[in-house]
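Q: Sequence:
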Amino acid sequence: MKTYPRLFRELFCSPLMLHAPARAAFETELLRRMYGDTSLSAIPIAPRADLGDSGRPKGEWMDYFKDVEATEKQMRLERIYERTGSVAVVKIDGAIGKRLTQFEMDCYGGVDLDDTDQVLSAAMQDPRVQTVVLDIHSPGGSVIGVHETYTRIMALAETKEVHAFVNAMSCSAGYYIASAADHIAAAPSAIVGSIGVYMAMLDASRWYENEGLKINVMQGGKWKTMGAEWKPLADDERAKLQAGVDALFTQFRAAVNEKRPQVAASTMEGQWMTAQEGLDLGLVDELTGATLDEYVTGLLMQS
Numbered sequence: 001m002k003t004y005p006r007l008f009r010e011l012f013c014s015p016l017m018l019h020a021p022a023r024a025a026f027e028t029e030l031l032r033r034m035y036g037d038t039s040l041s042a043i044p045i046a047p048r049a050d051l052g053d054s055g056r057p058k059g060e061w062m063d064y065f066k067d068v069e070a071t072e073k074q075m076r077l078e079r080i081y082e083r084t085g086s087v088a089v090v091k092i093d094g095a096i097g098k099r100l101t102q103f104e105m106d107c108y109g110g111v112d113l114d115d116t117d118q119v120l121s122a123a124m125q126d127p128r129v130q131t132v133v134l135d136i137h138s139p140g141g142s143v144i145g146v147h148e149t150y151t152r153i154m155a156l157a158e159t160k161e162v163h164a165f166v167n168a169m170s171c172s173a174g175y176y177i178a179s180a181a182d183h184i185a186a187a188p189s190a191i192v193g194s195i196g197v198y199m200a201m202l203d204a205s206r207w208y209e210n211e212g213l214k215i216n217v218m219q220g221g222k223w224k225t226m227g228a229e230w231k232p233l234a235d236d237e238r239a240k241l242q243a244g245v246d247a248l249f250t251q252f253r254a255a256v257n258e259k260r261p262q263v264a265a266s267t268m269e270g271q272w273m274t275a276q277e278g279l280d281l282g283l284v285d286e287l288t289g290a291t292l293d294e295y296v297t298g299l300l301m302q303s
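Here the working numbering is used: the first residue of the sequence shown is 1, the next is one more, and so on.
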């Protein structure tokens with residue numbers, strides 16, 4: 001059985017703000033790779049570098065690796081940030097996570113909030129930038145880092161005008177981030193909302209049993225194995241995890257209401273909708289059929 005511990009923890013051991021259909025696709029693919037498909041080709045192995053006495057690559061190889069890493073990082077930032085005159089565009093495209101490896105980004109087509117935070121900081125410090133457009137197309141993702149990015153955008157909006165532009169989807173954690181903008185413009189058919197939090201805990205105890213496997217655990221700390229896939233979830237564990245989800249859900253709704261107090265609690269129960277419907281419910285401020293370039297051009301003409 002192949003293991004992908006970080007992806008597994010994200011999907012089955014951590015609270016998520018993620019659009020349900022996207023969640024199902026990610027879970028299915030991960031479980032297929034872990035349990036059900038041995039035909040996948042092996043991951044390519046990079047050519048072996050010469051090693052020094054310490055077992056680490058020699059100096060010239062270390063310099064090479066550092067240069068490659070720095071170049072890849074710069075390319076990642078350049079892909080999500082562009083300035084035209086007084087308007088900066090920050091792309092938030094894909095499932096949301098934090099400190100993602102390139103493999104994880106390739107798997108999810110994801111958004112690394114570390115990258116997002118860096119370019120938001122660049123926009124804040126650039127005196128040429130008067131307006132920031134968040135170009136969002138995301139089903140949401142991990143909870144980790146989302147509120148901090150939301151807070152960063154709220155601070156940015158104190159000195160610069162912030163718009164969220166949505167022409168396809170801004171759901172769950174994607175909408176959490178969009179809600180920090182001063183103005184949300186969306187295509188009428190775009191999908192918005194999905195304001196909610198969930199945690200899916202995989203109970204694979206039957207699978208282990210069928211495979212003739214038994215897990216023997218020596219445990220220190222009552223909660224140390226809470227949510228382990230090889231045992232059913234106990235009632236007190238379920239209650240503890242539910243309390244954490246409830247706290248995050250309360251924080252999410254309060255964040256949306258910070259700039260959009262008109263959004264009712266009944267609109268924030270995990271449902272998603274078109275932007276056309278979201279306009280009447282306060283989730284969207286403007287419907288637009290403009291492309292991103294046209295939207296940015298309109299902002300430039302106003303400045």
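Some hints could be false.
Unchecked claim - When the alpha-carbon atoms are kept at most 30 angstroms apart in a straight line, the in silico DSSO-like pairs for lysine-lysine are as follows:
1. Lys259 x Lys222
2. Lys160 x Lys259
3. Lys222 x Lys240
Hints in this document: simulated from the structure, not taken from any laboratory. Quick caveat: nothing in here was measured; it's all calculated off a predicted structure.
Q: So, for every hint listed, does it hold in this structure?
A: Quick rundown of the hints versus the structure:
1. Lys259 x Lys222: violated (41 angstroms)
2. Lys160 x Lys259: OK: lysine 160 and lysine 259 at ~15 angstroms, within 30 angstroms.
3. Lys222 x Lys240: holds (12 angstroms)
Violation of the numbered hints given earlier is confined to hint 1; every other hint is satisfied by the structure.
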